[in-house]
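A.B. asks: For the sequence shown, the tail end lands on 178 under the numbering used here, and the numbers increase by one without skipping.
It is worth saying that the hints were derived from the structure and are not from the lab.
Idealized CB from N, CA, C, for every residue including glycine.
The reader is advised that the hints may include incorrect statements.
Straight-line Cα separation of at most 25 Å, SDA-like style, residue types lysine to any residue; simulated pairs [stated by the list, open to error]: (1) K140 with A109; (2) K86 with P73; (3) K169 with Y17; (4) K118 with M160; (5) K140 with V12; (6) K66 with Q49; (7) K86 with L58; (8) K86 with I111; (9) K169 with G26; (10) K66 with P32; (11) K66 with H107; (12) K118 with I37; (13) K66 with M160; (14) K169 with H107; (15) K169 with R159; (16) K118 with G100.
Derived Cβ-Cβ restraints for the label pairs, each shown as a range [to be verified]: (17) R2 with V104: 43 to 49 Å; (18) P82 with L163: 37 to 43 Å; (19) F176 with L51: 38 to 44 Å; (20) F176 with G100: 52 to 58 Å; (21) G26 with Q108: 25 to 31 Å; (22) A149 with P47: 28 to 34 Å.
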Amino acid sequence: MRWRDIKPKRIVFCEGYLAQANPWFGRLPFQPAKGVILSCTSQTPLPSQILNYGHWLLPLTVDTFKTGATFDPLNLNLDPEPASEKSLLADLHAIVPDLGGIRVIRHQAGIRPATLDKEPLIGRHPRYSGLYIFNGFGAKGSLLIPWHAARFADYLQQRMPLLPSCDIKRYYASHFSG
Numbered sequence: 001m002r003w004r005d006i007k008p009k010r011i012v013f014c015e016g017y018l019a020q021a022n023p024w025f026g027r028l029p030f031q032p033a034k035g036v037i038l039s040c041t042s043q044t045p046l047p048s049q050i051l052n053y054g055h056w057l058l059p060l061t062v063d064t065f066k067t068g069a070t071f072d073p074l075n076l077n078l079d080p081e082p083a084s085e086k087s088l089l090a091d092l093h094a095i096v097p098d099l100g101g102i103r104v105i106r107h108q109a110g111i112r113p114a115t116l117d118k119e120p121l122i123g124r125h126p127r128y129s130g131l132y133i134f135n136g137f138g139a140k141g142s143l144l145i146p147w148h149a150a151r152f153a154d155y156l157q158q159r160m161p162l163l164p165s166c167d168i169k170r171y172y173a174s175h176f177s178g
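Let's have the full structure, built from the sequences with the hints guiding it.
C.D. replies: Written out as structure tokens, the structure reads:
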């Protein structure tokens, strides 16, 4: 393998939802999903803790917070639609009805690299021993990635086995044949 003037022993693809277009790993069963997050201010006191109610509220300061996220596997674009803002704020109001004077200061959309079986896609390509993937963490990526990154480092450096539920070997026959 060669890339520009570099001859790496290993290449690890961590491309998020764009991995669907990867010529070596794009046939894996990705199921990307759009998610929307709002950054807001409030004129009334915020809860002091993170709330998890199907969505979440993360207090940042005494009067600012983030809330999210939506899950939309059909509209895979980065446009933050007004309907998602209304839905998130309505769900928040149902949980914290006293929260008032909310002003949305930022409305962000992103695409999660989710998978059909809701498990990460980690491991070595079956034909090209120097190609690896570390992807598919979906909506729980911020919680799962640190732990899986440590296991992946052990796999790469010490040849420790990956969890079978995450190892792409589970798809060798169905997605890498032919």
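A.B. asks: All hints are to be evaluated individually against the structure, with a verdict given for each.
C.D. replies: So, going through the hints one by one against the coordinates:
| no. | hint | in the structure |
| --- | --- | --- |
| 1 | K140 with A109 | holds, 16 Å |
| 2 | K86 with P73 | holds, 19 Å |
| 3 | K169 with Y17 | holds, 20 Å |
| 4 | K118 with M160 | holds, 23 Å |
| 5 | K140 with V12 | holds, 21 Å |
| 6 | K66 with Q49 | holds, 12 Å |
| 7 | K86 with L58 | holds, 18 Å |
| 8 | K86 with I111 | holds, 19 Å |
| 9 | K169 with G26 | holds, 15 Å |
| 10 | K66 with P32 | holds, 22 Å |
| 11 | K66 with H107 | holds, 10 Å |
| 12 | K118 with I37 | holds, 21 Å |
| 13 | K66 with M160 | violated, 38 Å |
| 14 | K169 with H107 | violated, 38 Å |
| 15 | K169 with R159 | holds, 15 Å |
| 16 | K118 with G100 | violated, 36 Å |
| 17 | R2 with V104: 43 to 49 Å | holds, 48 Å |
| 18 | P82 with L163: 37 to 43 Å | holds, 41 Å |
| 19 | F176 with L51: 38 to 44 Å | holds, 42 Å |
| 20 | F176 with G100: 52 to 58 Å | holds, 55 Å |
| 21 | G26 with Q108: 25 to 31 Å | holds, 26 Å |
| 22 | A149 with P47: 28 to 34 Å | holds, 31 Å |
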